[in-house]
Amino acid sequence: MRIDELPPETIEEILLHADPTNVASLSQCSRFFDTLINRGPDQHLWRWLYLIQPLDDPRKCVSPNGDPQKDIDWKRKLQTFIRARTVVKDATVCRPAERCAILRTMIHLIEYVPPRRGSYEGDMPKNLIWIRDVLSGGTFIDPETINWVPADAEEMQLRDKLHTYLGITPADRASRALVDSRAYVYDFRKYSWETDFGPFFEDGEVNWEHIRMVRHVLAMHVHGVEAFQMSLEYTQIRMTDMADTRDWAGIEGIWWCGFCFCDHTDLALYNLSTRVDGSLDASLFEDPGFTDVFRSVEVTIRVLEVSPDPKHPKHPRIYFGGSMGQHSMSTMSGYVHMTDENQVRWRFRSGEQVNPIWSSEGIQVGGLQSLYGVLGTWTTTFHNTNDPVGPFWLRKAIDLPQED
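Counted the way UniProt numbering counts, the sequence shown spans residues 1 to 404.
In short, the hints are calculated from the structure, not lab data. Do not rely on the hints blindly, as some may be mistaken.
[What the hints assert, rightly or not] The calculated lysine to any residue pairs, modelled on SDA-like cross-linking and capped at a C-alpha distance of 20 Å, are:
1. K60 to T86
2. K190 to N271
3. K77 to D34
4. K77 to D123
5. K89 to R47
6. K89 to V134
7. K75 to A91
8. K60 to R76
9. K75 to T92
10. K77 to H44
11. K190 to P20
12. K70 to W48
13. K60 to P41
14. K70 to T105
15. K77 to R117
16. K314 to E352
17. K311 to F290
18. K70 to K89
[Stated by the list, open to error] Here are the computed distance ranges between Cβ atoms for each label pair:
19. P310 to D34: 21 to 29 Å
20. R104 to E202: 35 to 43 Å
21. V149 to T21: 25 to 33 Å
22. R295 to T265: 25 to 33 Å
23. F290 to T21: 46 to 54 Å
24. S333 to D203: 38 to 46 Å
For glycine and all other residues, C-beta sits at the position ideal for the given N, C-alpha and C.
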């Protein structure tokens with residue numbers, strides 16, 4: 001008996017033991033297999049093939065804002081995953097024109113996962129496990145490892161976003177990489193009224209290159225289990241009672257705010273060291289004796305009020321206030337809102353209650369209420385020409401699983 005004489009159900013059962021690439025090849029062998037595989041009355045075969053991959057069931061996944069996926073195209077979804085899997089295994093097969101598509105596939109797998117509904121127990125969605133396993137070495141993230149020159153600004157932004165989600169890669173530990181990140185973060189020219197003195201573009205979209213540099217500078221100061229909170233597994237969305245729109249961002253509670261700063265004289269001299277080509281002389285950061293200072297302070301935040309946002313009815317603007325430190329008179333006040341990109345943006349001032357002089361702009365990394373936290377930049381409320389600037393990381397205080 002020939003294989004095409006078997007009942008279709010039997011053939012499909014056999015195909016479930018084959019890799020999807022082989023199934024696709026088989027569909028090109030004859031009209032019979034093309035009809036069976038590609039032209040069935042529904043996508044049940046492609047659904048089965050997708051569900052046996054080491055990934056989460058898309059029907060159980062939600063968007064970063066908590067919306068379920070609708071009208072899943074199983075064939076298309078599987079094809080994009082298999083192509084991404086192929087490229088990650090051998091980046092030399094990736095065509096320059098498809099790099100952005102591959103990066104978007106990776107980011108989609110990170111952002112669309114089953115929500116975490118309770119306290120963090122160290123469990124991890126399948127999507128994130130797969131991403132971690134194939135990208136933790138930095139392949140496809142660090143262009144130097146595959147000798148790629150980014151094709152355009154979109155590719156750079158997607159790569160930086162994926163890098164931020166993933167966390168520290170081996171290339172990040174090179175001294176040159178840290179020099180470059182510090183040179184970027186402490187460059188006054190990266191901050192302006194047009195970007196609200198934050199890690200944004202003039203149109204308000206997130207500048208993921210800036211966010212990645214911020215994360216790198218901060219991460220070099222964070223050690224132990226706390227360092228893991230600034231990594232892939234903590235990007236997962238947390239869903240509690242989403243009907244409670246008063247605190248949809250999960251901001252009430254105890255947070256830790258970590259921030260870095262330079263000696264102001266060094267900072268000013270660096271920003272005056274313009275070279276002939278317009279770049280700044282980064283030799284300050286190359287000095288083995290240089291270090292920026294890292295501090296962390298406990299913040300207790302509470303919701304003060306909310307106001308409707310016509311663009312985001314389920315996510316009104318949240319105004320908050322907070323106290324900084326257990327024995328301090330410093331306070332924090334600001335608001336959280338959803339951007340046109342559906343990113344959760346934080347804006348706040350901090351300092352003495354009567355006269356707060358510090359201004360901060362940041363973005364939530366990952367899904368709603370993710371434990372990764374908020375990355376951003378701080379400066380003064382005056383925004384004078386030579387005012388100090390630096391990175392900050394605002395993270396929810398949680399009990400992290402200890403390393404064995």
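These are the hints, each one checked on the structure:
no.	hint	result
1	K60 to T86	violated, 25 Å
2	K190 to N271	holds, 11 Å
3	K77 to D34	holds, 19 Å
4	K77 to D123	violated, 25 Å
5	K89 to R47	violated, 24 Å
6	K89 to V134	holds, 8 Å
7	K75 to A91	violated, 23 Å
8	K60 to R76	holds, 18 Å
9	K75 to T92	violated, 25 Å
10	K77 to H44	holds, 13 Å
11	K190 to P20	violated, 46 Å
12	K70 to W48	holds, 17 Å
13	K60 to P41	violated, 24 Å
14	K70 to T105	holds, 17 Å
15	K77 to R117	violated, 26 Å
16	K314 to E352	violated, 33 Å
17	K311 to F290	violated, 46 Å
18	K70 to K89	violated, 30 Å
19	P310 to D34: 21 to 29 Å	violated, 49 Å
20	R104 to E202: 35 to 43 Å	violated, 23 Å
21	V149 to T21: 25 to 33 Å	holds, 29 Å
22	R295 to T265: 25 to 33 Å	violated, 19 Å
23	F290 to T21: 46 to 54 Å	holds, 50 Å
24	S333 to D203: 38 to 46 Å	violated, 27 Å
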